[in-house]
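Novice: Assemble the complex: chain A is given as a structure, and chain B must be docked to it using the hints.
2 protein chains.
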Amino acid sequence: MKLASLKTDHPDGKLIVVSKDHTRYVEAIDIAPTLQFALDNWATCSEALFAKYKSLSDGLEATSAIFAGKAIFAPLPRSWQWLDGSLFLNHGHLMQQAFHLPPIEDADIYPLVYQGAGDSFLGAKDDIVVADLKHGIDFEGEFGVIVDAIPMGSSAEYALSKIRLVVLLNDISYRALGPREMKTGFGFVQAKGATAFAPIALTPDELGEHWQNGRVCLPLQVKRNGQRFGEPHGQEMHFGFHELIAHVAKTRPIKAGTVFGSGTVSNADPAKGQACISELRAKEMIEHGAPQTPFMQQGDVVSFNVIDASGNSLFGAIEQRVTVSTLSENL
Amino acid sequence: MKLASLKTDHPDGKLIVVSKDHTRYVEAIDIAPTLQFALDNWATCSEALFAKYKSLSDGLEATSAIFAGKAIFAPLPRSWQWLDGSLFLNHGHLMQQAFHLPPIEDADIYPLVYQGAGDSFLGAKDDIVVADLKHGIDFEGEFGVIVDAIPMGSSAEYALSKIRLVVLLNDISYRALGPREMKTGFGFVQAKGATAFAPIALTPDELGEHWQNGRVCLPLQVKRNGQRFGEPHGQEMHFGFHELIAHVAKTRPIKAGTVFGSGTVSNADPAKGQACISELRAKEMIEHGAPQTPFMQQGDVVSFNVIDASGNSLFGAIEQRVTVSTLSENL
Chain A
183 MKLASLKTDH PDGKLIVVSK DHTRYVEAID IAPTLQFALD NWATCSEALF
233 AKYKSLSDGL EATSAIFAGK AIFAPLPRSW QWLDGSLFLN HGHLMQQAFH
283 LPPIEDADIY PLVYQGAGDS FLGAKDDIVV ADLKHGIDFE GEFGVIVDAI
333 PMGSSAEYAL SKIRLVVLLN DISYRALGPR EMKTGFGFVQ AKGATAFAPI
383 ALTPDELGEH WQNGRVCLPL QVKRNGQRFG EPHGQEMHFG FHELIAHVAK
433 TRPIKAGTVF GSGTVSNADP AKGQACISEL RAKEMIEHGA PQTPFMQQGD
483 VVSFNVIDAS GNSLFGAIEQ RVTVSTLSEN L
Chain B
183 MKLASLKTDH PDGKLIVVSK DHTRYVEAID IAPTLQFALD NWATCSEALF
233 AKYKSLSDGL EATSAIFAGK AIFAPLPRSW QWLDGSLFLN HGHLMQQAFH
283 LPPIEDADIY PLVYQGAGDS FLGAKDDIVV ADLKHGIDFE GEFGVIVDAI
333 PMGSSAEYAL SKIRLVVLLN DISYRALGPR EMKTGFGFVQ AKGATAFAPI
383 ALTPDELGEH WQNGRVCLPL QVKRNGQRFG EPHGQEMHFG FHELIAHVAK
433 TRPIKAGTVF GSGTVSNADP AKGQACISEL RAKEMIEHGA PQTPFMQQGD
483 VVSFNVIDAS GNSLFGAIEQ RVTVSTLSEN L
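Residue numbers (the working numbering), protein chains in the order written: chain A, 183 to 513; chain B, 183 to 513.
Only chain A is shown next, with the shape it has when bound in the complex (with noise of 0.2 Å):
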């Protein structure tokens, strides 16, 4: 089932069932007025959500037409909670090679993780609005879970039972402002911007055979200004979803609609390339003693796509240009 949220005045939008080829949508107003209702209300509004999936796949639902990326929201616009790993050690290693830092202890065995802003997620094709181009903007090309309710203390295993939804998520960071931040102890607040979404939110079985042990088994297509930028495999997750969920329930009950996020997709094969700056101007330091590539610039433009056997679009794409914030005077 591929579900979305249309642009309303309303911050959560309102639900919608999109095609399996995204050119048609129908609402689902008479089942759920938003993806939160429908989480929260899973056990009894996801049967027929899946109905109107099927009828709308075989022709009998009266659809709208395609709709165009900016009029859609985040599949869940904003969430009560959003925590974003680094699950990919491949990303964490090269980060330290090239800025000469001691390895995190214990990476490989307790998922890292940070909570950051749900409050107003971004849509596919919003602009990336900054402060400051000397922040260091940059991207990271991320797959994520939403998930029901999952109580304080379950394991991975039930974990996995209880997601939901698999996203495609754009995590904008400010490389400038990390490194204070993360030498405090007290984790990214300056140096994370809001993070968009392509615009599908895919129930696990859309994946298929690529959904495996918790993890999104596919390429990640990357570019900057239309150049290909890598195309880094999800496989190489050091943990699986359910994993990270299960680290983070361990003190706290989850509630449904909490956001989890792997991290920067990172292969540890060059060939793949990168799903953000910050990890090629590593390479550059480790290979050439410096950086050579910019972080994002005024217009630049990024896009994430992952496109299935059949040559589809999994969860349509995202596609964001970099704009700098012009501020009221009076603030």
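Be aware that one or more of the hints could be misleading.
One copy or two, either will do: identical chains are not told apart, so a pair holds if it fits within one copy or between any two.
Taking lysine-lysine and the DSS-like style, the derived pairs with C-alpha atoms no more than 25 Å apart in a straight line are [as the list claims (entries may be wrong)]:
1) Lys-316 / Lys-432
2) Lys-432 / Lys-307
3) Lys-196 / Lys-465
Simulated from the structure, these hints should not be mistaken for laboratory data.
Specialist: Below, chain B without anything else, positioned relative to chain A:
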């Protein structure tokens, strides 16, 4: 004005206006069903709420009798964003001295802050349900503020004008889990439990001369199992709340209903005691070479209160008991 939220089946509860002495309340459903709604519409709601508070004080409202603490949620039962600072630098200094840690660079220039779980705050009398007593169960008595929308890049002065409510809170912390998370640089996730709030949120005018430069300039009474634990004073906060807000708003817009915390209230004068166990243990380590005071045990009770010059409780008391979670077997 004093506001609170009655417990209902809905996670946001029902907004009520509370009399200055906390003996009576009146519903505000005709103005705003929830505190989040009132904050989202402060320009149109606040005047009517202030008028209701005045007519309540003047005996002109049909009121309901004093509420028992257990029937009350946190004033804002959940928030889209909860950012907790560590703004009393004395606390950090003691920790560094006791644990022989290097000082956190520039902690007097940039406020320390992590993002916590705002998806389900606890009420003032709710149990502290922990997964394991070995996690080192601690409390942290803090002041906090709830703000209106604040654009990215706003100044501290502007942020000060957008502080709508002042609150008293208990940032429940698991001390055995904190050091590993701090060392990763990603901040606290497992190391923090659900945050609890005193029942009443105040508009800053209720504090009179005790609201100074974005600080609550009053002592915080802390008791453990009915015994005095400390009464550190809010005035020693190194940063005002407005400075913390401007720090966070540097790279993100702030939504109405965002909650900011002061970090544990801590004073340089040892006679003032402390608002968390770990600080007392740090003092014991410095003095005796080892901690003596245990963390919270099953059934232990912590309470917090703030009393004004007339001897009245300003926020109502927090009084919470520790219990160990009993998980169902199928998780």
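Novice: Now look at each hint and say whether the structure bears it out.
Specialist: Each hint tested on the structure:
no.: 1; hint: Lys-316 / Lys-432; verdict: between (38 Å within a copy, 13 Å between copies)
no.: 2; hint: Lys-432 / Lys-307; verdict: between (36 Å within a copy, 23 Å between copies)
no.: 3; hint: Lys-196 / Lys-465; verdict: neither (43 Å within a copy, 54 Å between copies)
Comparing the model with each earlier hint shows a violation of hint 3 alone; every other hint is respected.
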